[in-house]
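Chains as they are written, first to last, in the working numbering: chain W, 1 to 378; chain B, 1 to 378.
The hints are simulated quantities; they were obtained by calculation from the structure and are not laboratory data.
Ideal Cβ placement from N, Cα and C applies to all residues, glycine included.
Accuracy of the hints is not assured; some may be wrong.
[As the list claims (entries may be wrong)] Not everything, but these chain B residues come out facing chain W in the computed CB check (under 8 Å):
hint: 1; residue: Arg-222
hint: 2; residue: Ala-232
hint: 3; residue: Trp-332
Number of protein chains: 2
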Amino acid sequence: MMTIKIETLRWAHNKLEMIDQRILPAAFEYLSYDSAATVAEGIRSMVVRGAPAIGVAAAYGVALEALRLTSEPFALSLPKEGERTRGFDRLSPNGTQNIFASDFNSGMETGFTVLAQSRPTAVNLFWALQRMRKVWENVATQTPPQIAQRLLAEAHEILAEDIRINRAMGVHGAALLPDGARVLTHCNAGALATAGWGTALGVFRSAVEAGKKISVIADETRPFLQGARLTAWEMVQENIPITLITDNMAGYMMATGEIDAVVVGTDRVASNGDVANKIGTYMVAVLARRHNIPFYVACPLSTIDMSIASGADIPIEERSADEVKGFRDTHWAAPGVKIRNPSFDVTPAELVTALITERGLVTQPSREKLLALTGSGA
Amino acid sequence: MMTIKIETLRWAHNKLEMIDQRILPAAFEYLSYDSAATVAEGIRSMVVRGAPAIGVAAAYGVALEALRLTSEPFALSLPKEGERTRGFDRLSPNGTQNIFASDFNSGMETGFTVLAQSRPTAVNLFWALQRMRKVWENVATQTPPQIAQRLLAEAHEILAEDIRINRAMGVHGAALLPDGARVLTHCNAGALATAGWGTALGVFRSAVEAGKKISVIADETRPFLQGARLTAWEMVQENIPITLITDNMAGYMMATGEIDAVVVGTDRVASNGDVANKIGTYMVAVLARRHNIPFYVACPLSTIDMSIASGADIPIEERSADEVKGFRDTHWAAPGVKIRNPSFDVTPAELVTALITERGLVTQPSREKLLALTGSGA
Numbered sequence: 001m002m003t004i005k006i007e008t009l010r011w012a013h014n015k016l017e018m019i020d021q022r023i024l025p026a027a028f029e030y031l032s033y034d035s036a037a038t039v040a041e042g043i044r045s046m047v048v049r050g051a052p053a054i055g056v057a058a059a060y061g062v063a064l065e066a067l068r069l070t071s072e073p074f075a076l077s078l079p080k081e082g083e084r085t086r087g088f089d090r091l092s093p094n095g096t097q098n099i100f101a102s103d104f105n106s107g108m109e110t111g112f113t114v115l116a117q118s119r120p121t122a123v124n125l126f127w128a129l130q131r132m133r134k135v136w137e138n139v140a141t142q143t144p145p146q147i148a149q150r151l152l153a154e155a156h157e158i159l160a161e162d163i164r165i166n167r168a169m170g171v172h173g174a175a176l177l178p179d180g181a182r183v184l185t186h187c188n189a190g191a192l193a194t195a196g197w198g199t200a201l202g203v204f205r206s207a208v209e210a211g212k213k214i215s216v217i218a219d220e221t222r223p224f225l226q227g228a229r230l231t232a233w234e235m236v237q238e239n240i241p242i243t244l245i246t247d248n249m250a251g252y253m254m255a256t257g258e259i260d261a262v263v264v265g266t267d268r269v270a271s272n273g274d275v276a277n278k279i280g281t282y283m284v285a286v287l288a289r290r291h292n293i294p295f296y297v298a299c300p301l302s303t304i305d306m307s308i309a310s311g312a313d314i315p316i317e318e319r320s321a322d323e324v325k326g327f328r329d330t331h332w333a334a335p336g337v338k339i340r341n342p343s344f345d346v347t348p349a350e351l352v353t354a355l356i357t358e359r360g361l362v363t364q365p366s367r368e369k370l371l372a373l374t375g376s377g378a
Numbered sequence: 001m002m003t004i005k006i007e008t009l010r011w012a013h014n015k016l017e018m019i020d021q022r023i024l025p026a027a028f029e030y031l032s033y034d035s036a037a038t039v040a041e042g043i044r045s046m047v048v049r050g051a052p053a054i055g056v057a058a059a060y061g062v063a064l065e066a067l068r069l070t071s072e073p074f075a076l077s078l079p080k081e082g083e084r085t086r087g088f089d090r091l092s093p094n095g096t097q098n099i100f101a102s103d104f105n106s107g108m109e110t111g112f113t114v115l116a117q118s119r120p121t122a123v124n125l126f127w128a129l130q131r132m133r134k135v136w137e138n139v140a141t142q143t144p145p146q147i148a149q150r151l152l153a154e155a156h157e158i159l160a161e162d163i164r165i166n167r168a169m170g171v172h173g174a175a176l177l178p179d180g181a182r183v184l185t186h187c188n189a190g191a192l193a194t195a196g197w198g199t200a201l202g203v204f205r206s207a208v209e210a211g212k213k214i215s216v217i218a219d220e221t222r223p224f225l226q227g228a229r230l231t232a233w234e235m236v237q238e239n240i241p242i243t244l245i246t247d248n249m250a251g252y253m254m255a256t257g258e259i260d261a262v263v264v265g266t267d268r269v270a271s272n273g274d275v276a277n278k279i280g281t282y283m284v285a286v287l288a289r290r291h292n293i294p295f296y297v298a299c300p301l302s303t304i305d306m307s308i309a310s311g312a313d314i315p316i317e318e319r320s321a322d323e324v325k326g327f328r329d330t331h332w333a334a335p336g337v338k339i340r341n342p343s344f345d346v347t348p349a350e351l352v353t354a355l356i357t358e359r360g361l362v363t364q365p366s367r368e369k370l371l372a373l374t375g376s377g378a
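Full structure from sequences and hints, please.
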């Protein structure tokens, strides 16, 4: 089988390119992004999804906005010096410093805001924006073009780091899976949810790399079908045995003894260890506990939010009713029915056997253990 | 809103007509059936589904087969008396008794067999076939046309009885729901799953009839989407407030306190009270227990199978992989993925707050209580 190298996000032709995950697996196409607003729309519409991938995309969104604000066409469109009411330091109009610092700063603030409003639940988005802001602050005295280049370098670093972190989590997680393990996963926490390798699916890739035979069971994950479309596609690409079920079959598979472990990703972990992840994760966790099946969460440190006390403080995104009415343009729901579409749920820490992080495992996660791991206060 | 009277099955033009539930709610159409084989195919392909409706359809399948075997075109196609090796009593060729009893008997046996093989899990199918066989045996000395008329009368009686039974269950079940209750249901245990009124949805109809305000939350019920297509459609027709969710949202809705009770139907209840029902029911029951939400099963006596010790003995149908790959002709699953499609699961009796039967409630069902209720041994 031909293997496609999965570069969920890549820098090419001075733009961010992202695989359009809305149309996988029917088509494999990159879309191109050149500003904070377009990246934000890509995140909102789920061209890119998955907490770590959203973080990387947001970092590039910030860098792209800086590049855009310092580019010729944009800067030349600004009012000339004499037309301005407030006389800030107009930079030299030679193509490299042709923008007022004030215009740059306010443009960047707008970019940060639009990115922050794209999706509410995954904390990696805010983590990445904060990291980019810190970099910006550190070089604030430099010219906007210099700032833009520094931000771009940071986005590249965040992408490369993400893959290294996934690899490290993979090694820690693979050690948990016995040879021959049949492992359930929910949604897609794969290469497509990250810069590459994946969190939960990274654990599976690392287990196979370590010579273990494992097989994966994927919940299809309505309504966006990340399991049926993305996880199944990734595992088929990797030649890792993969079985697809609908979300309501996981309990049956556990009751019939066909599942040995669960590994999922997460969009935000609260300081007490509560885990927000794709809607349905909580149901899987409750079932796993009933059947004494270990429930693992692959979780980079960037996904841990020490600023909130518990999962009750995690904002849960409610998406469009259209997603539940059917899939894409096919609607099957009876006309006139009301629809709910919460996109995430919270699994209490007590149901989590262990968090798998790049620094190792956190068994039975608690605030004390997460404080020790991250070294940060709330 | 225009209300369509839901006659899931009806006798018209000397044939059985059934609403084609595969195309609801996009289209509302009846298909016509004139033999055991065509009815069996209608059951297998899920033109009709739902345990009680399958039972009624099977009863008509038997009657239709008897009518077909005694009809002019069929009887005249049989070998003439002189051509036969065994000389049974050739009936008079006047259009009413024009068939050998041996041909009739073997034809009927084939009809029973093909009907029994249509779907394995719902016991009402076998219950109805057994009841029809008993009627046949009671009038075995009569002529085939007389037998056919007696069988048709019995099918009519089973249909009428089913509605009376649903009404009685509805009254018992409605008493369990407080005014203002928000009730989750899974799959479709409605008028469309019965001869009319419904089992679980019959409880909702009866609650409304009794003047209670209730609202219903429907799991969409992948892969066949009975909740999104059929339950939502029925409730919209009735003006009963209805909210649709995907199957993986039920846990979230319970955790956020938006569900007060669960009512589902069943395809077979074992003698110890274990409940087989549409795949996913077990997950809902486990979640309900965790959240101390009562879990009720609307269950006519015809669905109780005292011949089996527990749910472990209930055959679980595994249906075509195509159903899980997508919906109808739209396939979204990644090519190359393996698929499982168990159509039912078993909820252990310990998770059932009460069975709602036409004879009243069975709280915390057990073999002793079901023996007392049905008065039958294994």
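Query raised in the report: Okay, which hints does this one fail, numbers in order?
Result: none
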